[in-house]
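2 protein chains.
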Amino acid sequence: GWARAVRGLLLDVSGVLYDSGADGGVPIAGSVEAVRRIKASGLKLRFCTNETQATRENFVKKLRGMGFDISVSEVTAPAPAACHILKERGLRPHLLVHDDLVPEFAEMDKTNPNCVVLGDAAENFTYANLNEAFRVLIGMEKPVLISLGRGRYYKETDGLKLDVGAYMKALEYACDVQAEVVGKPSKRFFESALAEMGVPPEQAIMIGDDIVNDVGGAQRCGMRALQVRTGKYRPSDENHPDVKPDAYVNNLAEAVDIILQHL
Amino acid sequence: GWARAVRGLLLDVSGVLYDSGADGGVPIAGSVEAVRRIKASGLKLRFCTNETQATRENFVKKLRGMGFDISVSEVTAPAPAACHILKERGLRPHLLVHDDLVPEFAEMDKTNPNCVVLGDAAENFTYANLNEAFRVLIGMEKPVLISLGRGRYYKETDGLKLDVGAYMKALEYACDVQAEVVGKPSKRFFESALAEMGVPPEQAIMIGDDIVNDVGGAQRCGMRALQVRTGKYRPSDENHPDVKPDAYVNNLAEAVDIILQHL
Numbered sequence: 001g002w003a004r005a006v007r008g009l010l011l012d013v014s015g016v017l018y019d020s021g022a023d024g025g026v027p028i029a030g031s032v033e034a035v036r037r038i039k040a041s042g043l044k045l046r047f048c049t050n051e052t053q054a055t056r057e058n059f060v061k062k063l064r065g066m067g068f069d070i071s072v073s074e075v076t077a078p079a080p081a082a083c084h085i086l087k088e089r090g091l092r093p094h095l096l097v098h099d100d101l102v103p104e105f106a107e108m109d110k111t112n113p114n115c116v117v118l119g120d121a122a123e124n125f126t127y128a129n130l131n132e133a134f135r136v137l138i139g140m141e142k143p144v145l146i147s148l149g150r151g152r153y154y155k156e157t158d159g160l161k162l163d164v165g166a167y168m169k170a171l172e173y174a175c176d177v178q179a180e181v182v183g184k185p186s187k188r189f190f191e192s193a194l195a196e197m198g199v200p201p202e203q204a205i206m207i208g209d210d211i212v213n214d215v216g217g218a219q220r221c222g223m224r225a226l227q228v229r230t231g232k233y234r235p236s237d238e239n240h241p242d243v244k245p246d247a248y249v250n251n252l253a254e255a256v257d258i259i260l261q262h263l
Numbered sequence: 001g002w003a004r005a006v007r008g009l010l011l012d013v014s015g016v017l018y019d020s021g022a023d024g025g026v027p028i029a030g031s032v033e034a035v036r037r038i039k040a041s042g043l044k045l046r047f048c049t050n051e052t053q054a055t056r057e058n059f060v061k062k063l064r065g066m067g068f069d070i071s072v073s074e075v076t077a078p079a080p081a082a083c084h085i086l087k088e089r090g091l092r093p094h095l096l097v098h099d100d101l102v103p104e105f106a107e108m109d110k111t112n113p114n115c116v117v118l119g120d121a122a123e124n125f126t127y128a129n130l131n132e133a134f135r136v137l138i139g140m141e142k143p144v145l146i147s148l149g150r151g152r153y154y155k156e157t158d159g160l161k162l163d164v165g166a167y168m169k170a171l172e173y174a175c176d177v178q179a180e181v182v183g184k185p186s187k188r189f190f191e192s193a194l195a196e197m198g199v200p201p202e203q204a205i206m207i208g209d210d211i212v213n214d215v216g217g218a219q220r221c222g223m224r225a226l227q228v229r230t231g232k233y234r235p236s237d238e239n240h241p242d243v244k245p246d247a248y249v250n251n252l253a254e255a256v257d258i259i260l261q262h263l
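In order, the protein sequence lines correspond to chains W and C.
Letter by letter, the first sequence follows residues 1 to 263 of the working numbering.
Letter by letter, the second sequence follows residues 1 to 263 of the working numbering.
Pulled out of the complex, with its shape left as it was, chain W reads as follows:
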């Protein structure tokens, strides 16, 4: 039943299309071909990622280098979504983000900042930079903290790393404020991706490896959602107390097989 009446697919990228590694990453078996088959089928498609360590341009370049048929205009990512919010509300950001993400904010006025935008800043998460972002926030009458995601940690080849969510919690506590999260699992983020596809939630399926941010987030928007058994998937996810995917699939290729059979 879960594969009926589909008009659009949202694909998470890391852990679904490829696994990140020392030299940028390797495609997951069958995923390059699966993306091609989705496009050939006439289904609408968005790549829906929480990536904030690179501009979409560089992110897409890396994926094309692995053989994926993907272009910048097909990617929904937190930084452009944040820019949209900043413009809408007349906010001037103080950025605490990865150096490689800064160009996404090129058009934003950053003088006399009246909010902080927090991304996975990695090596930029220094004591000095955290204190500086804190001072900007605590100096405001009503601090505005915009966080590009709320991940707890992720794995790189040299070990586990604290993700943006941990630093978000530090600043939230210090300033007694609640961050506004842009990116998965925020409802608004999924709704943007759906609007860009022109597909209503009941005709869309999200495919991801993250039980909370991909599956839970998409389901709360009225979409169906599949969890792949690749990337950060762990068997214990199948006993998650709050979130139950519409189906499990071994990988993206298997999901696409089933969906295309039902078209």
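It should be emphasised that the hints constitute simulated quantities derived from the structure, not laboratory data.
Predicted, not measured: the structure shown is a model, and the values here were computed from it.
Yeah, the Cβ is synthetic: ideal placement off N, Cα and C, and Gly gets one too.
Errors might be hidden in some of the hints.
To be verified - When the alpha-carbon atoms are kept at most 20 Å apart in a straight line, the in silico EDC-like pairs for lysine to aspartate or glutamate are as follows: (1) W:Lys44 x W:Asp257; (2) W:Lys155 x W:Asp19; (3) C:Lys155 x W:Glu141; (4) C:Lys155 x W:Asp176; (5) W:Lys155 x C:Asp176; (6) C:Lys187 x C:Asp246; (7) W:Lys61 x W:Asp19; (8) C:Lys187 x C:Glu202; (9) C:Lys232 x C:Asp158; (10) C:Lys61 x C:Asp99; (11) W:Lys110 x W:Glu132; (12) W:Lys187 x W:Glu202; (13) C:Lys155 x W:Glu132; (14) C:Lys232 x W:Asp176; (15) W:Lys142 x C:Asp237; (16) W:Lys232 x C:Asp176; (17) W:Lys155 x C:Glu141; (18) W:Lys155 x C:Glu132; (19) C:Lys244 x C:Glu254; (20) W:Lys39 x W:Asp257; (21) C:Lys39 x C:Asp257; (22) W:Lys62 x W:Asp100; (23) C:Lys110 x C:Glu180; (24) C:Lys232 x W:Glu141; (25) C:Lys142 x W:Asp237; (26) C:Lys39 x C:Glu254; (27) C:Lys187 x C:Asp242; (28) W:Lys232 x W:Asp246; (29) W:Lys62 x W:Asp99; (30) C:Lys142 x C:Glu180; (31) C:Lys44 x C:Glu191; (32) W:Lys61 x W:Asp100; (33) W:Lys142 x W:Glu88.
What the hints assert, rightly or not - In silico negatives: residues of chain W with every beta carbon more than 10 Å from chain C: (34) Ser20; (35) Arg36; (36) Pro80; (37) Cys83; (38) Lys87; (39) Lys142; (40) Glu180.
With chain W fixed as given, assemble chain C onto it according to the hints.
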């Protein structure tokens, strides 16, 4: 009524005895003399501090340099309290603390750590050190995080700094664990100070500048507590939603005047 039947005083140090500044700090007017008068009166006395940027030895040395009559044996501080807990439970700490605090843990076995002790590490709060502490925690079946205080931020001459509580929240979130807080406002910490004085809570008064950590914490142990209008005191503290001191005093000297009159 608040000054009746007193046998012992607990004094917070920073903001009550002295204000920290560029060259270590300056005594608050009347405080050097007030400490002398307490000692001459026969009242029991403990200095009860959350200081974790120096060993007690160096902390006391600094205060003696300002003219205070204080010795190491009169100080209740988080690091020795943490050592007590570590010994009691057979814990081997991974330390993320200020370099100058490390000697307090000289006797602890730090091989193959089975807990993390977090202090105000200041410049040691690097991206690499935070990831390392995180990996130690996430590698445990049941992560044990001991935090030397839960302060949000403090002021130094070059600006506001995130305090240990912010980093505690980051690690708590990333590991889905709750830290055990040693130091004010923990009940056990105040109880140790009372035991060291040999005075029951109903005969003791805490004097501090922090409405939550000094006043609220002491009152929860059954003590009376005064807030001084020095240090980090702010007029808005007098409208705190949860905590109401037994009295406000302009400074330590005024508190001691009133208490000694009632002896």
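Item to check | Hinted pair Lys155 (chain C) and Glu132 (chain W), Cα distance within 20 Å | outcome: Given that 20 Å is the threshold and the Cα spacing comes to 13 Å, the pair holds.
Checklist entry - Given the hinted pair Lys232 (chain C) and Asp158 (chain C), is their alpha-carbon gap at most 20 Å? => result 16 Å, holds
Item to check | Proposed proximity, Asp246 (chain W) with Lys232 (chain W) (alpha carbon, max 20 Å) | outcome: 18 Å, holds
Checklist entry - Was Lys87 (chain W) rightly flagged as not at the interface, with every chain C Cβ beyond 10 Å? => result 30 Å, holds
Item to check | Proposed proximity, Glu141 (chain W) with Lys155 (chain C) (alpha carbon, max 20 Å) | outcome: 18 Å, holds
Item to check | Hinted pair Lys155 (chain W) and Asp19 (chain W), Cα distance within 20 Å | outcome: Holds - the C-alpha atoms of Asp19 (chain W) and Lys155 (chain W) are around 10 Å apart, at most 20 Å.
Checklist entry - Hey, does Lys142 (chain W) actually stay past 10 Å from chain C on C-beta? => result 15 Å, holds
Checklist entry - Is the straight-line distance between the alpha-carbon of Lys61 (chain W) and that of Asp100 (chain W) 20 Å or less? => result Holds: Lys61 (chain W) and Asp100 (chain W) sit about 14 Å apart, inside 20 Å.
Checklist entry - Within 20 Å, alpha carbon to alpha carbon, are Lys110 (chain C) and Glu180 (chain C)? => result 19 Å, holds
Item to check | Satisfaction of hint between Asp257 (chain W) and Lys39 (chain W), Cα-Cα up to 20 Å | outcome: Given that 20 Å is the threshold and the Cα spacing comes to 13 Å, the pair holds.
Checklist entry - Hey, Lys142 (chain C) versus Glu180 (chain C), does the alpha-carbon distance stay inside 20 Å? => result 13 Å, holds
Checklist entry - Has the given pair, Lys155 (chain W) with Glu132 (chain C), been kept, meaning a C-alpha gap of at most 20 Å? => result Holds, at about 13 Å.
Hint violations for this structure: none, all hints satisfied.
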